[in-house]
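Using the sequences provided together with the hints, build the complete structure.
85 is the number of the first residue of the sequence shown in our numbering; add one for each residue after it.
Be aware that one or more of the hints could be misleading.
As the list claims (entries may be wrong) - Using 30 angstroms as the maximum straight-line C-alpha spacing, the simulated BS3-like pairs for lysine-lysine come out as follows:
#, residue 1, residue 2
1, 414, 244
2, 414, 463
3, 244, 292
What the hints contain is simulated information worked out from the structure, not anything from laboratory work.
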Amino acid sequence: AMEKDPSRRYLSAADLSQDLRRYLADQPIIARPPSAVYELRKFAKRNRALVSTICLALIALVAVATIATFEAVAATEARTIAEQEAERAKASVTFLSNLLASADPDRALGKEVTVRDTLDRASDMIDQGAVAEHPATLAQLHTTIGRSYQALGEFEEARKHLQRGCDLNREVFGSQDVRVANGIDLVANTLISLNDYSGAERLFRESKAIHEALGDDPHAYGDVWPQSLASVLYFTGRYDEAEAEYRDASEICRRHGMDSALARALNGLGMSLEGQARYDEGIQRLQEAVDIYERLYGELNTDVASTYNNLANCLEAAGRYEESRQAHLKALAINETLLPPDHPNVAQTLGNLSLVMLRLGDFQESESVSRHALAIKDKALPPAHHSRAATLNNLAKAIQAQGRIDEALGFFDRAVDQAEQSLPAGHLMILVLRANRANCRAAMGQVDEAETELLDCYEKLAASMGADHRRTRAVGDFIHDLYASTGRADDADAWQSRTSVASTQQD
85 AMEKDPSRRY LSAADLSQDL RRYLADQPII ARPPSAVYEL RKFAKRNRAL
135 VSTICLALIA LVAVATIATF EAVAATEART IAEQEAERAK ASVTFLSNLL
185 ASADPDRALG KEVTVRDTLD RASDMIDQGA VAEHPATLAQ LHTTIGRSYQ
235 ALGEFEEARK HLQRGCDLNR EVFGSQDVRV ANGIDLVANT LISLNDYSGA
285 ERLFRESKAI HEALGDDPHA YGDVWPQSLA SVLYFTGRYD EAEAEYRDAS
335 EICRRHGMDS ALARALNGLG MSLEGQARYD EGIQRLQEAV DIYERLYGEL
385 NTDVASTYNN LANCLEAAGR YEESRQAHLK ALAINETLLP PDHPNVAQTL
435 GNLSLVMLRL GDFQESESVS RHALAIKDKA LPPAHHSRAA TLNNLAKAIQ
485 AQGRIDEALG FFDRAVDQAE QSLPAGHLMI LVLRANRANC RAAMGQVDEA
535 ETELLDCYEK LAASMGADHR RTRAVGDFIH DLYASTGRAD DADAWQSRTS
585 VASTQQD
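Below, the structure is given as structure tokens:
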């Protein structure tokens, strides 16, 4: 009744009388004390500037409180991650300390501990449960050990550890993770060394699908990329498909400034071009790869050696034999400096060098180098391997060139057998080795058998590589020589014309 605000007073005495009756009847009355909202509204009208300042302060306070809450949550998460990383680091340090302790002369009983000994010890420690409570760390250790075994040429041991590392990453991070994709690439790469090309291709395609699904930055790709799927295509003789993969990878690497990966892609591209007898561009790409590697890592680097080796092969195929020899000698010097003397990479370079010496007419030196390479490969490689087949072929050719034809045929037989066991049916290398063996048989007087095999090889090479490919033309020359040496002049002239036309097209 005495409220200053007219809107809150009784309008009349009758209104007051009704409220009194409601009160006496224990009914709700209209009159009420001012609400908090009402009081605030009235205060705001009287003190507009002050209230505005207070509201802004309240908004800021809420914002700060919200940010602080989020930061507290983030800090908690970061603390959890940091604690997990610390636990992983502690586990890694403990593992490494125990591993290095195994190299103590007192524990090793005075024996000089080799890298292989240390890797074997690390493998044993993992098998006995070391770091088992930290699967992510264990995955990294398996991967590191596997890659170290691979660097030593111990491919089966490498495969075992790399596969386990990949499986653990899949368990920890799920199947659609870049670490899983990179692990798959590493396993597939060992399968190539073990001659399992179909298995390697299946894994590389699985990895590629994961990367494409993730749409991740190529910087996250493992360092096997971009030599992954393309390398299988190359080794199985699908040079045009390999070229396309390597060109795509090269463009990606150039766009993203990935120099090391670009060098790998250019190296593979050069090899693919050499396989298609496109030597000028192949040499250009391989030299570019060498230049990038030397700029990044200096001359003493195994990638530099490997690329020099491939450059030398392309130079040899182009007929530039002395340049090829010099490039092989550079690769050999690097490998002999950085690697054990019985490493497969040393043998690979020796085997390739023996072929160049054969081209240069130094047959005795070619034989000596081939035998050295073969001794290393017999120790380092699986029982059947295409690399051993290549060295056996070079050795056989050097022996044949010295007139020891019966002895040469035995090595040609071994070369063909190795290639057929380790490569897909119809592979270029198998056809080339069969043709070389047939040419040896022709020199021994086994004319009918030699003719049948040479004609078969020629037709298959012409179908797969083209009549103008140097490998196809070389077999055509063998056929011409066989006919010429057996008095079949008309047939010899026909084959000479045939190979001459192909040679003109190639030039």
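Going through the hints against the structure:
| no. | hint | result |
| --- | --- | --- |
| 1 | 414 <-> 244 | violated (34 angstroms) |
| 2 | 414 <-> 463 | holds (24 angstroms) |
| 3 | 244 <-> 292 | holds (22 angstroms) |
The structure is inconsistent with hint 1 alone, although it conforms to all the rest.
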